Amino acid sequence: MSLDKDTVKNIANLARIKVAEDDLDHLAVELSAILDWVEQLNGVDTDGVEPLASVVDVTLPLRTDAITDGNCRDSVLANAPAAEDGFFAVPKVVE
Amino acid sequence: MSKLTDLTIATARDGLAKGDFSAVELANAHIAAMVDLRNLNAFITETPELAIERATESDKRRAAGDSAGSMDGIPIAVKDLFCTEGVLTTAGSHILDGFVPTYESTVSQNLRNGGAVMLGKTNLDEFAMGSANITSYYGNVLNPWKGKDGKDLVPGGSSGGSAAAVAGRIALGATGTDTGGSIRQPASFTGIVGLKPTYGRCSRWGTVAFSSSLDQAGPMTRTVRDAAIMLGSMAGHDAKDSTSAPQAVPDFEAALSGDVRGLRVGIPKEYRMDGMAPEIEALWTQGIDMMKQAGAEIVDVSLPHTKHALPTYYIIAPAEASANLARYDGVRYGLRVPGDSLDEMYANTRGEGFGEEVKRRILIGTYVLSAGFYDAYYRKAQRVRKLIAEDFRIVFEDVDVLLTPTAPSEAFAIGEKMDDPVAMYLNDVFTVPASLAGLPGISIPTGLSANGLPLGLQLLGKPFDEETVLRAAHALESAAGFDAKPGGEG
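Protein chains in written order, with the numbering used here: chain A, 1 to 95; chain B, 1 to 490.
Don't read these hints as lab results, they were simulated from the structure.
Accuracy of the hints is not assured; some may be wrong.
What the hints assert, rightly or not - Straight-line alpha carbon distances no greater than 30 Å define the calculated DSSO-like cross-link-like pairs of lysine-lysine that follow:
#1 B:LYS148 - B:LYS485
#2 B:LYS146 - B:LYS485
#3 B:LYS485 - B:LYS307
#4 B:LYS269 - A:LYS9
#5 B:LYS417 - B:LYS151
#6 A:LYS18 - B:LYS417
#7 B:LYS485 - B:LYS292
#8 A:LYS5 - B:LYS417
#9 B:LYS269 - B:LYS307
What the hints assert, rightly or not - Only part of the chain B face toward chain A is listed, based on derived beta-carbon distances under 8 Å:
#10 GLN247
#11 ILE315
#12 VAL331
#13 ARG332
#14 GLY372
#15 TYR374
#16 ARG379
#17 VAL422
#18 GLY438
Quantities reported herein were computed from a predicted structural model and do not represent experimental measurements.
Backbone N, C-alpha and C define an ideal beta-carbon position, used for all residues, glycine too.
Please model the entire structure based on the sequences and the hints provided.
Here it is in structure tokens:
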């Protein structure tokens, strides 16, 4: 799969990563090379093979539905680049 | 008495028990080595005060007849991917600028509970993505070894700082993490032992996530015995990680019986790749002979899907990384680069905060998970992953361990293989298959290249059978008698 500049721009937008216009061309080349390389998997016969999502062959454990954590607001906010009145602060999202 | 920094974890433990030296003396010797070898750039953050504080506590416990076990008072380095309470944690990335966790990862907490003395946080490839420790925001790490031409070499990656610290006699052991080879490959490049346990053996809680179905923490040490001791302290079930295995932690050190008579060692033919370096092939043959001499039975086996492992990995790992790294948004921790809108702030922060390799992987991951491509790439890779895991399952019905090379080359110079991402990815060709299958693997320094650099062999085992892997590794280590040190001292 050869990716064009617009596709790279679109992926970068989906990933919320700002990419300079000048970088799009070489990124398109690099990403296309990686995709070309992984596409060799198309030659592997996987008919009837179940996808493997995890090597841990167990049912996820359940625990009692009880409060085991909490009252740690200050600790949660301790590393925030901006926090006000006990909340994370972000640029205005509602006009 | 030899230098305190030349001890192993086992001999330091015994020396501490006998009162030959104190934990504070041991810590001070290693802190001095850390300062002397700052040129390696092995550490992002040094924590000498914390080390002395913990060593002092260790000496007090010992004086009161209350030692916490084999790791009590042992100076270690911690890969800067493990969150450490009150100590800067960076994952080698600009985007985690100033992040000081208010909690401790389970693995580093287990080591703390065992009395281990943390010297500092080691450098790594950014978010553990790399095989040469050249993608860290905090700069390249140097391999303490040099070849005949004297050029600066990479220590391997991503756990390059941990490998350099252990090989350079700065720490007796270090934590690493291995997603596709990030413990084993740097261990091979620096002449140390690196053990990736079975997926689920060590808790992932509090370790910065890269690829959650693959990430696994493990010890990096100078001997197999030390790996056994340190793994015993790191491992264990943890309710905070739902993929952590509810398995008892055996006494790994007790597994080192020295006896491998009758052990069935598989040699997978697919690892004998076209264009394989003759030196690596020769080392492998020597390793096979050593195991045979020790009484093991050598069995030729086949893992037919081996060649598909790397491309499978380079779909699955970036896909999981793109999801995991979505959390770095400039809101909850680390760097924030302002923008006019929330979306612009996200994009600016992530554009500036992530390095080139990390961005590449997030973009690949985003693409292979995007609408219309999910089945063609991600589902397909998961199906091939199943075939790879099945190959191993079938082979392990017949053999106890597999013996292969760890890496396709010796350590290379800084600057090589940097233009072509795919060429760099090939470093992990022998380590990635077992990662995809979740199996334990260990790299053991087995010989020196013609250029005077260490080369490792890898042993792989059955799920949760680290004991057999360690027993075989111990036998190989004894037979190989690798005693070379960086700097050509011996």
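Results of checking the hints against the structure:
1. B:LYS148 - B:LYS485: holds, 14 Å
2. B:LYS146 - B:LYS485: Distance of about 11 Å is within 30 Å: holds.
3. B:LYS485 - B:LYS307: Not OK: LYS485 (chain B) and LYS307 (chain B) at ~34 Å, beyond 30 Å, violated.
4. B:LYS269 - A:LYS9: Outside the cut-off at roughly 43 Å; violated.
5. B:LYS417 - B:LYS151: Holds, because 15 Å separates the two Cα atoms, which is no more than 30 Å.
6. A:LYS18 - B:LYS417: Holds - the C-alpha atoms of LYS417 (chain B) and LYS18 (chain A) are around 26 Å apart, at most 30 Å.
7. B:LYS485 - B:LYS292: holds, 27 Å
8. A:LYS5 - B:LYS417: Since the Cα atoms of LYS5 (chain A) and LYS417 (chain B) sit roughly 25 Å apart, the hinted pair holds (cutoff 30 Å).
9. B:LYS269 - B:LYS307: Holds. LYS269 (chain B) to LYS307 (chain B) sits at ~11 Å (cutoff 30 Å).
10. GLN247: violated, 11 Å
11. ILE315: With a closest approach of 5 Å, the ILE315 (chain B) hint holds.
12. VAL331: Holds. Min distance 5 Å.
13. ARG332: holds, 6 Å
14. GLY372: The hint is violated - GLY372 (chain B) has no Cβ within 8 Å of chain A, the shortest such distance being about 11 Å.
15. TYR374: This interface hint is violated because 11 Å lies over the 8 Å limit.
16. ARG379: holds, 5 Å
17. VAL422: Since the shortest Cβ distance to chain A is 5 Å, the answer is holds.
18. GLY438: holds, 3 Å
Checked against the numbered hints given earlier, this structure breaks hints 3, 4, 10, 14, 15; the rest are met.
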